[in-house]
Structure formats: C-alpha cells, structure tokens
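**Student:** Sequence:
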Amino acid sequence: MRSFANLAMHLGFSLFAVDATQLDDDCRSSNATHIVWKISQTMATMPTFGRRRSQTTLTQPKCVVQPRKQAEQECLKYLQDTIMPFDVPFFETLGFGSHDDDVDGLGNGIATVSVKLALDAKAIYPWTDSLPKEIFYNYVLNYANLNEARTNWRPLLIDAMNFTESPLWKSGNANLSSVVTWVNTHLWTQLSRDGSSPIYFKSGQTPLIFDPMSVIAYGYASCTGTSILFSNALRALGIPSRVAGTPAWYGNATQGNHNWVEVYDNGIWKFLEPSPALAHVDTLEADPCHRWFCNAERYPSSKVYAATLSKVVSSYFPLAWEWHCKDIPAVDRTQYYADICSSCD
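In case it helps, mature numbering (1 follows the signal peptide of the UniProt record, and there is no 0) puts the sequence shown at residues -20 to -1, 1 to 325.
Don't take each hint at face value.
As the list claims (entries may be wrong) - DEER-style ranges, computed between Cβ atoms:
1. Asn155 x Asp319: 23 to 29 angstroms
2. Leu258 x Trp301: 21 to 27 angstroms
3. Thr314 x Phe66: 21 to 27 angstroms
4. Pro69 x Leu188: 20 to 26 angstroms
5. Thr314 x Leu86: 29 to 35 angstroms
6. Phe66 x Asn88: 20 to 26 angstroms
7. Ala257 x Asp307: 31 to 37 angstroms
8. Asn142 x Pro106: 15 to 21 angstroms
9. Phe66 x Lys150: 41 to 47 angstroms
10. Ser146 x Asp61: 20 to 26 angstroms
11. Glu72 x Asp267: 29 to 35 angstroms
12. Thr144 x Leu258: 24 to 30 angstroms
13. Asn275 x Asn142: 15 to 21 angstroms
14. Gly247 x Thr131: 39 to 45 angstroms
It is worth saying that the hints were derived from the structure and are not from the lab.
Keep in mind it's a predicted model, so treat the numbers as computed, not measured.
Cβ coordinates follow ideal geometry from the N, Cα and C atoms, glycine included.
Sequences are here, hints too, so could you generate the full structure?
**Tutor:** Shown next as structure tokens:
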C-alpha cells in the first residue's frame, strides 16, 4: 500500500526552520514535524484537549504553529470526548485505550489511524490551510457519519484514489472545488471490484448496505451508502464534508427519505449529490435548482439535518431506519434549504 506518510515527510523542514513570523496568510502546514492552524474567533474559545498548553506553541496574528505530537494528542482527545453514545462500549476497540503495553497491534484502533492520516492530509493539501480547527476536527478528522459500521476506510480510500499521482494534482491547479469534482468522477470506478464496472446506485439498500466497506464489497448502495462513501473520500483528501438529508419528505415517513453531501467551501456549506456510475457528475458549481429535490414546495415541511460530531448542538440526526436513535449530533439545515430552493420550480 502506498505510504501517505512518506509524501508528508518529503515535504518536511527541520524543527528549527519553523518560524511563525514567516508563515503566509494561508497557514501552510507543509511540514512533517509541525501543524499550522488558522485562528478563528471560535477557535480562540475552544479548549486545549491536553493536560496543559504546550510551551512550544508559536502564535502569530492569523496562524498558530503546533508540534505534530501535540496535535495528534489533541485530535485523539477530541474524538474521545465527542464519541457517540452507541460507540462507548467499544471505546478501546476504536483506539482510545492505553497504548503503553499493547502488542500485536491490539491498541491500533481506527481513531488513531484517522488522526495520523488526517494530519498527513493537512500537511499535504493546501485547501486545508484556511480551515478553522473546529471544522477540521468535525468534518475531516471525524471517522464516522451516522450509525454505519466503524471500519478502517481512510487508508483504503487514500490508496485506491491515489490522488497525488493524478494529472489534476500534478498540474498544480488543484483546488477544493476541482478536487470534489475529481472525486465524484473517479471514486466509483477506482473502488470497483473489477477495475472497470463502477459502484452504482441501487435503491432500498439501507441499512443492509451503507457502511463504506459493504458498499465497496457489494458494488452498489442507495443514497445513504453512496453519500457516506463520498463524504469519507473527501475527508481522506482533507476536504470537510458531512452527510445531510431528510428522514421523511414533507414530514411523512411514507414519502421516503433522502441523503446527500455538504462540503465546506471558503466558509460556506454547499451541497451536491454523489454521482455513482453517472456520465455527468454533480459539482459544487452546479445550479442548486438542477437537483431534483431542490424546489420550493418541499421545504420547510421537509426537515433537513446535517450530521456533525460536536456536542455543542441542539439537534440530532433522525434515522429513517432507526427512528428512536437520538445519538447522532446534527445541525438543523431546514431554513437553508427553504431559502436556497425557494426560487426553484
């Protein structure tokens, strides 16, 4: 399997070369030993998820430079503190236990893998430079979306997409929007079982097939499974994303549900559909009115939620296949869709 960490190491400088006063406004983290964060108003009020604030942290008006080891500890602590209730019984399996005496890889859970590879992505991809820390934590670092099976999808997706060898990356012209389009174009074939027949949409598959590994193994999924896989693929490349959707059109469960993906682009959450096996894929630039579910008559009677990890929210994500579950934190996005789809027929 290709080593994502090796590429990060090739971009590194020595410890003594880190100088916060020389950082540009984009807070570039092209360094194997330090991580650079953009300072935002909300970040300034966030707690430090370690026992004490490191004396080696360097600051400047727009960026903060943090030793890689400390960043790893804080990321793991954040995931631990925001663990969803139904994951708590598997606390150590996920990688939150003591690792001092672990043998045979028994302490290597998906949380620890997620931390390492998410920070590698931050060091490599420039579109992560402007991300506030809380956005990175919730929507890049996060290993979960809904209540899908917790599996080690991140290294598999990184390896399968092989994005750093793509013409888009090598052109030097890749930006967040173009990468989203690239993923929605190539993901489905590059994860196919035979290398040519792409993963495709098949209705009525949730909850039988909706975690990433099941979608890849079967080669198809309905909207929830394709949305989770698409969101995870974007996160693997450092792009903040989350699953959004309605549990019941018009508030009526007999009308069905739908899920799609939202992407954080320059301070704004935009939405698009995963496009498995489609000749024309959805993009962030597409007119929202071109999406079949964006029309005035659907909202606000159809409630929309976007899944998050932060516990500083007042809503939960209703699951159409698990109605009594209130364990998934969410942001109520109903008004956003009522506004943006209000002019659509």
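**Student:** Now tell me, hint by hint, if it's right for this structure.
**Tutor:** Evaluation of the provided hints:
Checked against the hint of 23 to 29 angstroms, the C-beta distance between Asn155 and Asp319 comes to roughly 26 angstroms, which is consistent with it. At roughly 25 angstroms, the beta carbons of Leu258 and Trp301 sit within the given window of 21 to 27 angstroms. The hinted range of 21 to 27 angstroms is satisfied by Thr314 and Phe66, whose Cβ atoms lie roughly 25 angstroms apart. Judged by the Cβ atoms, the range 20 to 26 angstroms given for Pro69 and Leu188 holds: they are separated by roughly 23 angstroms.
Take Thr314 and Leu86: their Cβ atoms lie about 44 angstroms apart, and the range 29 to 35 angstroms is violated. At about 22 angstroms, the beta-carbon gap between Phe66 and Asn88 stays in the expected band of 20 to 26 angstroms. Range check, Ala257 to Asp307: Cβ separation about 33 angstroms, and the 31 to 37 angstroms hint holds. The hinted range of 15 to 21 angstroms is satisfied by Asn142 and Pro106, whose Cβ atoms lie roughly 19 angstroms apart.
For Phe66 paired with Lys150, a C-beta distance near 42 angstroms keeps the hint of 41 to 47 angstroms intact. For the pair Ser146 and Asp61, the supplied restraint of 20 to 26 angstroms is violated, since their beta-carbon distance comes to about 36 angstroms. A hinted range of 29 to 35 angstroms for the beta carbons of Glu72 and Asp267 is inconsistent with their spacing of about 48 angstroms. Under the hint 24 to 30 angstroms, the C-beta atoms of Thr144 and Leu258, about 25 angstroms apart, fit the expected range.
Take Asn275 and Asn142: their Cβ atoms lie about 38 angstroms apart, and the range 15 to 21 angstroms is violated. With their beta carbons about 31 angstroms apart, Gly247 and Thr131 fall outside the hinted range of 39 to 45 angstroms.
Of the numbered hints stated above, those contradicted by the structure are hints 5, 10, 11, 13, 14, listed in ascending order.
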